[in-house]
Amino acid sequence: MVNPAAASFWTQTNALLRKNITFQKRNVKANFRLILFPVILCVLLVVLQRLIDAQLSKSKFKCGCVCANNRARDAGCRDSDKVCGVQYSDPTQATFCALPKPPQWPPLLQLPAPPKRVVRNASFHFSDLADVSCRRTGSCPLTVLFTADNHSFAQTVAGNMFPSALSVNLSDSDIMANLAMNVLGSESRPGWNNFLEPAFSSELPIYYVQTKCTESSGPSFPFQIADMQLEVRCVEGLHLWRNSSSQINSELYKGYQRGNKEGETNEIVSAFDFLNSNGNRYNVSVWYNSTYKRDTGFGSISLSRIPRSVNLISNAYLQFLLGPGTKMLFEFVKEMPKPQTRFRLEISSLLGALFFTWVILLLFPVVLTSLVYEKQQKLRIMMKMHGLGDGPYWMISYIYFLALSVFYMLCFVIFGSLLGLKFFTLNDYSIQFVFYFIYINLQIALAFLVASIFSNVKTATVISYVGVFGTGLLAGFLFRYFVQNTSFPKRWIIVMELYPGFALYRGLYELAQFSFNGSALETNGMQWLDLSDISNGMKEVLIIMFAEWIVVLFAAFCIDKVLSSGSRSPLFFLKGFQKRPLSFQKLGIQKQGLKVFSQMEKADVIQEMEKVEQLLLEPTINHAIVCDDLKKVYPGRDGNPDKFAVRGLFLAVPQGECFGMLGPNGAGKTSFINMMIGLTKPTSGTAFVQGLDLTTHMDGIYTSMGVCPQHDLLWESLTGREHLLFYGRLKNLKGSILTQAVEESLKSLNLFHGGVADKQAGKYSGGMKRRLSVAISLIGDPRVVYMDEPSTGLDPASRKSLWNVVKRAKQNRAIILTTHSMEEAEALCDRLGIFVNGGLQCVGNPKELKARYGGNYVFTMTTSSDHERDVENMVLQLAPNAYKIYHLSGTQKFELPKEEVRIANVFQAVDAAKRKFTVYAWGLVDTTLEDVFIKVAHEARAFDTLS
1 MVNPAAASFW TQTNALLRKN ITFQKRNVKA NFRLILFPVI LCVLLVVLQR
51 LIDAQLSKSK FKCGCVCANN RARDAGCRDS DKVCGVQYSD PTQATFCALP
101 KPPQWPPLLQ LPAPPKRVVR NASFHFSDLA DVSCRRTGSC PLTVLFTADN
151 HSFAQTVAGN MFPSALSVNL SDSDIMANLA MNVLGSESRP GWNNFLEPAF
201 SSELPIYYVQ TKCTESSGPS FPFQIADMQL EVRCVEGLHL WRNSSSQINS
251 ELYKGYQRGN KEGETNEIVS AFDFLNSNGN RYNVSVWYNS TYKRDTGFGS
301 ISLSRIPRSV NLISNAYLQF LLGPGTKMLF EFVKEMPKPQ TRFRLEISSL
351 LGALFFTWVI LLLFPVVLTS LVYEKQQKLR IMMKMHGLGD GPYWMISYIY
401 FLALSVFYML CFVIFGSLLG LKFFTLNDYS IQFVFYFIYI NLQIALAFLV
451 ASIFSNVKTA TVISYVGVFG TGLLAGFLFR YFVQNTSFPK RWIIVMELYP
501 GFALYRGLYE LAQFSFNGSA LETNGMQWLD LSDISNGMKE VLIIMFAEWI
551 VVLFAAFCID KVLSSGSRSP LFFLKGFQKR PLSFQKLGIQ KQGLKVFSQM
601 EKADVIQEME KVEQLLLEPT INHAIVCDDL KKVYPGRDGN PDKFAVRGLF
651 LAVPQGECFG MLGPNGAGKT SFINMMIGLT KPTSGTAFVQ GLDLTTHMDG
701 IYTSMGVCPQ HDLLWESLTG REHLLFYGRL KNLKGSILTQ AVEESLKSLN
751 LFHGGVADKQ AGKYSGGMKR RLSVAISLIG DPRVVYMDEP STGLDPASRK
801 SLWNVVKRAK QNRAIILTTH SMEEAEALCD RLGIFVNGGL QCVGNPKELK
851 ARYGGNYVFT MTTSSDHERD VENMVLQLAP NAYKIYHLSG TQKFELPKEE
901 VRIANVFQAV DAAKRKFTVY AWGLVDTTLE DVFIKVAHEA RAFDTLS
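Counting from 1, position 446 in the sequence shown corresponds to residue 446 in full-length UniProt numbering; the numbering is continuous, with no gaps.
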């Protein structure tokens with residue numbers, strides 16, 4: 001077969017794409033389970049939504065009618081006793097009823113409860129504070145602190161804050177407006193809105209503040225609103241001077257329950273710093289307790305009952321300027337009118353940010369484990385060794401994962417929309433598409449980058465899933481708090497969003513917020529115009545993710561380039577500016593005259609060195625492989641010395657030769673093969689394959705190379721035929737030529753009949769996998785083939801068939817074969833090299849080696865024990881220098897020097913012996929290749945021990 005040209009970029013791309021599609025078909029069940037997860041989650045959210053809607057459809061969540069009084073309620077409520085609309089006795093009514101004319105509520109101060117009001121104790125040592133005994137009677141006053149640059153001015157203004165008497169007419173029909181003329185306050189927490197004031201619908205009293213409570217004003221008086229009987233109590237208000245704002249700040253801090261070292265709450269109503277105010281300038285800072293604030297998402301402080309404090313201090317200043325009768329009337333607090341509403345709780349928007357973060361992040365372990373699997377099983381390097389370039393691999397792998405991710409996300413959004421989840425239906429689909437598309441690209445790039453860290457699938461799987469769920473929990477219970485806290489610096493939010501998981505959560509959080517509000521207000525969710533809103537973090541998230549995608553993808557590509565080829569510099573993309581490598585001939589000229597031979601090296605090894613040196617000076621295409629002083633050293637660990645796996649190997653293998661490498665386990669054969677196929681980088685020296693330097697042009701070498709590794713590197717879900725089709729396409733075989741080559745390979749290695757060719761490789765026996773690996777190494781007619789123990793695990797018939805294939809294959813290519821079978825070495829190899837302790841001990845064809853290292857015959861004879869001495873005497877007569885090498889129960893073996901004995905004389909001596917005593921068995925054999933191997937290995941080890 002004529003060697004085809006190297007496969008083009010698009011041919012390699014086509015081969016890998018076909019392989020991935022086939023692989024994907026075999027994983028339909030796994031993909032179905034993957035797609036099923038978000039579908040099940042969406043269905044679960046729909047079921048929860050239906051259950052919640054069923055609960056919210058009950059009357060207590062609707063605007064209805066209530067009984068007007070308790071008597072009617074006890075007797076059975078008649079229609080005439082029912083009052084419909086907002087009732088003070090039922091606070092939930094204000095949420096759902098139509099309110100064309102919202103009620104007007106008197107403005108209130110936020111007051112601490114009597115047990116929490118500030119008193120004098122160890123932490124609060126000021127003498128002007130109330131004694132702690134007031135807490136037993138519930139008569140502790142309310143305290144307001146103030147300071148200023150001008151003490152007398154501040155003292156006068158602060159004294160105008162609280163009135164000295166109550167001004168109220170209980171007979172007035174508009175009791176609410178009447179109460180607003182006084183300084184009222186409540187210890188109840190403010191509500192979410194002002195449709196219903198909790199102070200007037202709770203059992204807690206309402207306080208009116210005076211400079212002093214007297215018996216004439218009365219400690220309290222009742223008044224009625226609707227069917228509720230409320231109580232208004234008098235409480236004394238103190239305004240106390242402090243020398244500085246820092247002193248006030250200290251008291252406010254200590255008054256809070258966490259700031260007080262005694263763990264006791266000593267709350268102050270509010271504090272004022274008049275700064276540089278005077279009769280011509282009004283400049284005041286107000287302290288208030290934000291603990292009571294209801295976070296409505298709009299940052300409003302009106303519900304925290306702060307406006308009344310501002311009104312009081314403003315009125316006090318006006319009275320200082322214009323007299324005690326001057327007042328800015330703060331009549332009421334009122335909400336905007338609203339129609340009747342229905343309580344809605346959109347569960348997908350409420351839980352979507354966390355749940356959907358997990359759903360999308362689950363793609364990351366899928367991509368990561370797939371990449372690490374190829375790395376762990378060395379499938380990536382196997383494809384690379386058969387000519388697959390980095391460009392096609394990256395393009396197809398990336399597109400493959402992107403298509404899988406896009407399909408996954410489409411199913412997620414489509415199913416969620418079909419099920420009616422507002423998270424999907426209210427937000428603009430184009431925004432969702434852009435957001436999801438950018439993130440899944442970033443996630444794939446991140447998986448490529450992280451894959452360079454792992455070499456084990458189990459480790460990668462565990463850590464990636466821990467990362468998925470850990471990211472969701474941290475985002476949902478920590479990062480979300482920072483996002484919602486308006487006082488948290490935005491720059492730190494952006495820093496945290498540099499972590500892709502938090503960026504994903506922030507985007508989903510914004511979509512959830514818009515869909516939640518849209519569902520509640522019956523409006524649309526997020527639109528493109530909303531990205532300009534400064535409080536919307538979607539815009540910054542999109543920018544961050546897009547920038548990270550580019551950076552991470554580039555970093556992953558660079559790291560992969562370095563790791564996938566051990567000889568590549570981290571600055572490979574600057575190779576145009578780097579020093580050009582030495583050419584084949586220039587290297588030979590430079591090395592001329594640098595030969596150094598050790599005393600252990602034999603003449604045949606030295607001759608091989610000289611041959612390599614000559615080839616470096618005068619290169620010829622006939623030699624496909626030339627190894628020039630190739631070394632591999634593994635650094636020592638835990639105090640152990642360095643391990644020399646390959647010690648300065650010189651070797652030249654011409655076209656049409658099968659070179660066999662023999663050696664004991666650990667001799668360095670596999671380390672040599674790994675360097676030649678690009679799995680490991682040489683420590684020093686180099687090798688030339690088809691004239692290309694493996695340290696600089698490994699990508700070019702891969703296009704003309706075939707490999708049968710020591711361990712089978714196969715996809716378990718692909719069939720034998722699919723493996724050969726894939727690797728054949730990588731070798732630029734097409735159409736009928738590819739089909740014919742695949743069938744011939746299958747037939748020649750007994751993988752064609754019985755449906756074996758179309759059975760998945762994971763179901764093959766060990767011998768069938770070895771045969772498939774050999775077929776892969778020879779597909780496409782590579783010029784150089786490396787076979788590392790190819791016949792391991794084969795039965796005799798399959799081994800014989802394999803030998804025939806290798807014999808035919810070596811006619812037009814160079815083959816390097818390692819084996820432990822001496823029979824295989826003699827049958828296949830034109831030349832042999834014996835490796836011991838990383839060094840080449842001898843080189844030659846099998847006959848030369850046996851002649852050189854096997855100068856003896858081995859004579860064996862078995863007799864009774866009584867005649868052992870007679871046998872020994874007979875042997876010494878044949879060869880005086882004979883040497884006994886074995887003796888057991890009448891069986892003896894002797895080595896007979898060939899120069900001292902003739903085979904005819906041996907037969908004559910045995911015939912004579914048979915007439916004297918009984919000979920059970922005897923034999924004379926020439927030295928075998930196994931004997932040569934043992935002898936060379938023994939001598940090499942003995943020399944190393946002496947050294």
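In short, the hints are calculated from the structure, not lab data. Do not take every clue at face value.
Listed next, the in silico DSSO-like pairs over lysine-lysine satisfying Cα-Cα at most 27 Å (straight line) [as the list claims (entries may be wrong)]:
id : residue 1 : residue 2
1  : K847      : K734
2  : K847      : K378
3  : K116      : K254
4  : K602      : K378
What follows is a list of derived Cβ distance ranges for each label pair [what the hints assert, rightly or not]:
id : residue 1 : residue 2 : range
5  : T862      : T459      : 24 to 34 Å
6  : S864      : G793      : 18 to 28 Å
7  : K611      : V562      : 47 to 57 Å
8  : E930      : A555      : 13 to 23 Å
9  : L418      : G391      : 15 to 25 Å
10 : R808      : V466      : 45 to 55 Å
11 : I543      : I21       : 29 to 39 Å
12 : G793      : F407      : 38 to 48 Å
13 : L473      : G762      : 36 to 46 Å
14 : Y465      : N27       : 10 to 20 Å
15 : M336      : A555      : 21 to 31 Å
16 : K611      : G793      : 27 to 37 Å
17 : K935      : I399      : 24 to 34 Å
Values in this document were obtained by computation on a predicted structure and should not be read as measured data. All C-beta atoms in this analysis are idealised placements derived from N, C-alpha and C, irrespective of residue type, glycine included.
The hints, checked one at a time:
With a CA separation close to 43 Å, the supplied pair K847 and K734 exceeds the 27 Å bound. With a C-alpha separation of about 38 Å, the suggested pair K847 and K378 falls outside the 27 Å cut-off, and the hint is violated. For a cut-off of 27 Å, the pair hint linking K116 to K254 stands: about 12 Å separates their Cα positions. For a cut-off of 27 Å, the pair hint linking K602 to K378 is broken: about 38 Å separates their Cα positions.
Distance hint check: the CB atoms of T862 and T459 are about 59 Å apart, inconsistent with the given range 24 to 34 Å. In this structure the supplied range 18 to 28 Å is violated for S864 paired with G793, their Cβ-Cβ distance being about 43 Å. At about 35 Å, the CB distance of K611 to V562 disagrees with the hint of 47 to 57 Å. Between E930 and A555 the CB atoms are about 54 Å apart, so this pair departs from the stated range of 13 to 23 Å.
Take L418 and G391: their Cβ atoms lie about 40 Å apart, and the range 15 to 25 Å is violated. Between R808 and V466 the CB atoms are about 53 Å apart, so this pair conforms to the stated range of 45 to 55 Å. Taken as a hint, the range 29 to 39 Å holds for the pair I543 and I21, whose Cβ atoms sit roughly 35 Å apart. Checked against the hint of 38 to 48 Å, the pair G793 and F407 passes, with Cβ atoms roughly 41 Å apart.
Taking the beta carbon of each, L473 and G762 are about 37 Å apart, inside 36 to 46 Å as hinted. Checking the proposed 10 to 20 Å range against Y465 and N27 shows it holds: the Cβ atoms sit about 19 Å from each other. Against the hinted window of 21 to 31 Å, the Cβ-Cβ separation of M336 and A555 comes to about 53 Å, which falls outside the hint. Range check, K611 to G793: Cβ separation about 36 Å, and the 27 to 37 Å hint holds.
Checked against the given bound of 24 to 34 Å, the beta carbons of K935 and I399, roughly 58 Å apart, lie outside it.
Against the hints set out earlier in the document, violations occur for numbers 1, 2, 4, 5, 6, 7, 8, 9, 15, 17.
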